[in-house]
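Here the protein sequences come in this chain order: A and B. First residue of the first sequence: 1, per the UniProt record's numbering; consecutive thereafter. First residue of the second sequence: 1, per the UniProt record's numbering; consecutive thereafter.
Since the hints were made in silico from the structure, they are not lab data. C-beta: ideal position from N, C-alpha, C; glycine also. It is possible that some hints are incorrect.
Straight-line Cα separation of at most 27 Å, BS3-like style, residue types lysine-lysine; simulated pairs [said to hold, decoys possible]:
| hint | chain 1 | residue 1 | chain 2 | residue 2 |
| --- | --- | --- | --- | --- |
| 1 | A | 263 | B | 265 |
| 2 | B | 265 | B | 47 |
| 3 | B | 265 | B | 50 |
| 4 | B | 174 | A | 263 |
Simulated coverage check for chain A against chain B, where a stretch passes if three residues somewhere in it have a Cβ under 8 Å from a Cβ of chain B [said to hold, decoys possible]:
| hint | stretch |
| --- | --- |
| 5 | 97-105 |
| 6 | 131-145 |
| 7 | 210-219 |
| 8 | 265-276 |
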Amino acid sequence: MMNKSEKTAMLEAAGAPAEIEGRSLWRDARIRLFRNKAAVGSMIILGIITLLAIFAPLLSPYAYDQIDWGYIQEGPNWENGHIFGTDGNGRDLFIRVLYGARVSLAVGLLATSVSLAIGVTYGAVAGYFGGKVDNIMMRFVDVLYSLPFMFFVIMLMVVFGRNIFLIFVALGAVEWLTMARIVRGQTLSLRRREFIEAAHATGVSNFKIIFRHIIPNVLGPVIVYMTLTIPQVILTESFLSFLGLGVQEPLTSWGVLISEGAKVIEASTWMLIYPALFLALTLFCFNFIGDGLRDALDPKDR
Amino acid sequence: MLSYAIRRLLIAIPTLFIVITVAFFMMRIAPGGPFDQERALPPEIEKNIKAAYDLDKPLIEQYAIYIGKLFQGDFGPSIKIRDFSVAELIMAGAPASMQLGLSAIAIALVFGVGFGTYAALRQNSAVDFAVMGVAMIGIAIPNFVMAPLLSLVFGLYLSILPTAGWGDGEIQYKILPIIALALPQIAYIARLTRGSMVEVLHSNYIRTARAKGLRETLVVNRHAIKGALLPVVSYLGPATAAVMTGSVVIESIFGVPGIGTYFIKAALNRDYPLVMGVVIVYAVMIIMLNFLVDMVYGLLDPKLKSR
Numbered sequence: 001m002m003n004k005s006e007k008t009a010m011l012e013a014a015g016a017p018a019e020i021e022g023r024s025l026w027r028d029a030r031i032r033l034f035r036n037k038a039a040v041g042s043m044i045i046l047g048i049i050t051l052l053a054i055f056a057p058l059l060s061p062y063a064y065d066q067i068d069w070g071y072i073q074e075g076p077n078w079e080n081g082h083i084f085g086t087d088g089n090g091r092d093l094f095i096r097v098l099y100g101a102r103v104s105l106a107v108g109l110l111a112t113s114v115s116l117a118i119g120v121t122y123g124a125v126a127g128y129f130g131g132k133v134d135n136i137m138m139r140f141v142d143v144l145y146s147l148p149f150m151f152f153v154i155m156l157m158v159v160f161g162r163n164i165f166l167i168f169v170a171l172g173a174v175e176w177l178t179m180a181r182i183v184r185g186q187t188l189s190l191r192r193r194e195f196i197e198a199a200h201a202t203g204v205s206n207f208k209i210i211f212r213h214i215i216p217n218v219l220g221p222v223i224v225y226m227t228l229t230i231p232q233v234i235l236t237e238s239f240l241s242f243l244g245l246g247v248q249e250p251l252t253s254w255g256v257l258i259s260e261g262a263k264v265i266e267a268s269t270w271m272l273i274y275p276a277l278f279l280a281l282t283l284f285c286f287n288f289i290g291d292g293l294r295d296a297l298d299p300k301d302r
Numbered sequence: 001m002l003s004y005a006i007r008r009l010l011i012a013i014p015t016l017f018i019v020i021t022v023a024f025f026m027m028r029i030a031p032g033g034p035f036d037q038e039r040a041l042p043p044e045i046e047k048n049i050k051a052a053y054d055l056d057k058p059l060i061e062q063y064a065i066y067i068g069k070l071f072q073g074d075f076g077p078s079i080k081i082r083d084f085s086v087a088e089l090i091m092a093g094a095p096a097s098m099q100l101g102l103s104a105i106a107i108a109l110v111f112g113v114g115f116g117t118y119a120a121l122r123q124n125s126a127v128d129f130a131v132m133g134v135a136m137i138g139i140a141i142p143n144f145v146m147a148p149l150l151s152l153v154f155g156l157y158l159s160i161l162p163t164a165g166w167g168d169g170e171i172q173y174k175i176l177p178i179i180a181l182a183l184p185q186i187a188y189i190a191r192l193t194r195g196s197m198v199e200v201l202h203s204n205y206i207r208t209a210r211a212k213g214l215r216e217t218l219v220v221n222r223h224a225i226k227g228a229l230l231p232v233v234s235y236l237g238p239a240t241a242a243v244m245t246g247s248v249v250i251e252s253i254f255g256v257p258g259i260g261t262y263f264i265k266a267a268l269n270r271d272y273p274l275v276m277g278v279v280i281v282y283a284v285m286i287i288m289l290n291f292l293v294d295m296v297y298g299l300l301d302p303k304l305k306s307r
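Isolated chain B, as found in the complex:
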């Protein structure tokens, strides 16, 4: 188990490195630069500005400088948002993004597994069809449609929650964005759980457990759920990625001051350091959660434990 953990960690390092490299060169090879304006700058001024950001050096050298600074924890200054370093901007935005993302995943897990198990235990009943029907709707309605609808219904028609904004981070501002992020994932996880639970409940070891005369709650809670959760756990990796990318849209719809909103703006403005910073933060979060998921998987799956 320990060697497995170390191996997974070792894979994380080159992965992160690939992310940084690909993102760096992709941004730079693109036509256009941060100082393209309607009115061209006088050449000498442009030259000075570019020199200040090291943009006048050859690409490889810029890359080396960037990686070197990164090792010292320096993400560089933002080009477009003057007087702010990328680290400062990320520090300001990350808490909101993290809160939304992690709460959405936690909620999706709890409700998804709950609904899925409930439906599986009553397979082919009206409840089962109802839950799976609703889950299908959750999958078919993307979160960028759900978000404005939620905001319209709860914010405007019922006016029990704010339509958008963040306030000082009070809970009522967070409810709608979290729901919008979590809904599709609840739907996916519920379907996954139901599928694997149905399969597990028909397996031999469950039959044995029942034949022993174990109570149904024990059969489900102690024996079945462990096997049924395996596909759900391995889905958590992609789910994290989906929630993170989803948060880019959700943040801009609800006006959340998170790092997702920076990303698009920065990419459109060619604010290289800020784009890099946001990509790195997201990549680290995704890689870390993937690592955690792998560990949990190792604990749940006896076949992996022995390795």
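The shape of chain A in the complex, shown without the other chains:
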């Protein structure tokens, strides 16, 4: 039973403006993302790996190209500071794995940015103009899709030497196709919307509409796909390095270390295990974050 004053208090409370803030799509997504334990854990681990890579020189008494003649290809040993062991040239594996992380992460981010720039612009232009332009542009993408691209990249590396900038560009040039398709699909459905028509009617140029109105609205799927492209690029770089076409000595990347380790796997398993562990962990994390982002940004509950 409630007495009258309680009732009025309740009525007043109900009538008072509710303290509910409007939540934007992005805020909603952020909340959902942070509720995803796998994604948060992955972000923390990736953060640690990134910090390790940035502060690599401070973390080991050895330099990445320093040869320790006393310990050539010896297993992990905490007493002499070679906590991951040494490689065939007596170089400390721990510091080399961290330097490998620098190269692998940098390649991942930069090549993905290249692919992002090409793919988003291309897809938005094709989708926005539609019709014949779209048809021709997307046929071109179809043709590129069925090319054995990795072979071209391999040839490119063989032919023009192992230039690290070439790796960025080559990998970026390979990975933009899917991005273009995704953006084009999204743009197609956007361009008939009222706000685009309104922009059109007020005389905004096509260029401005694409970059001001279309692209910000396709960011959701783009970000998701970007997070999934980074591990792919890192993987491809490792693949090239494994073939001996990546970065050059004494610099190193995970792929180079893995290929060195794979050659001596029977005698020195640690030389394969540590770089492989870091590579797998990084790919794992990026994939989990990508999945988490997709679940967070996709209103459809999967």
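Fit chain B to the known structure of chain A by using the hints.
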């Protein structure tokens, strides 16, 4: 459907032509040539050798000669592997590469779809998380890490399979390379299948099928799987490309005498005709499989059938 097939086939021809052209000029524009050696050849000998391979002519003319010969089915001689024509080398290597690649794709398809469907039917159960967790590991561990590990565990520690080599092509030599090639693809396909299967199982036509009182096995096998397979089928194109490029590494790790191993060596040695030959073979295989995939897609997707 027929016109669709013809259209796709017609696209394949310019595609192949682009591949050949790009590969040709990319190889040639590069610095270095097949006869660069520590000890330079006497100029007149070098001139004769180059003339024998038409390398002294202008680039455009070389290209025309190459395309002309290609139309007659002549891939030219290998420059570095003496006394062998590129066609002979490819004939010798292709069976092994094809067997590995096609078996890997078939296995990936069967197991990937199987695991994915199984996980989707038990969505959010322990089995689902287990399958998807393992699939994630399959994606995160690249095949060039998996291959040496497989060889170490099954070849050396357990010694039930040969660590490397090909023998006379007996089955035990093929198991590890095929597994190494197939694992990442199994993982990808399982994830794809699970995702689309979960979506399809929540769709209206499945609800209708269930409401009719259809048995669950029929609902899945007859109705759901068709819709759920669409993304998987369209992934088969990229999957083929991935398996082919992967086979370059896997072949060299396991010492398989396939065409993948030629590719890197030939590219490093500037063995132009051999590189071209291998690229063309891979391109034809990828384009053909893409065509097949498109056809299957057309059969599965009613929206495309009408076109």
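Mind checking, does the stretch 131-145 of chain A have 3 or more residues with a CB under 8 Å from chain B? Held - the stretch 131-145 of chain A has 4 residues with a Cβ nearer than 8 Å to chain B, which meets the minimum of three.
Holds or violated: residue 265(B) and residue 47(B), Cα atoms, limit 27 Å. holds, 24 Å
Claimed coverage, the stretch 265-276 of chain A by chain B - three or more beta carbons nearer than 8 Å: holds (count 5)
Hinted pair, alpha-carbon criterion (27 Å max): residue 174(B), residue 263(A). Please report holds or violated. holds, 20 Å
Next pair to validate is residue 265(B) with residue 50(B); report whether the Cα-Cα distance is within 27 Å. holds, 20 Å
Tell me if chain B covers the stretch 210-219 of chain A under the three-residue, 8 Å CB rule, please? This one is violated; 0 residues, fewer than the three required, reach chain B with a Cβ under 8 Å.
Are three or more residues of the stretch 97-105 of chain A within 8 Å, CB to CB, of chain B? violated (count 0)
Could you grab the alpha-carbon distance between residue 263(A) and residue 265(B) and see if it respects the 27 Å cut-off? holds, 18 Å
In this structure, the hints that do not hold are numbers 5 and 7, in rising order.
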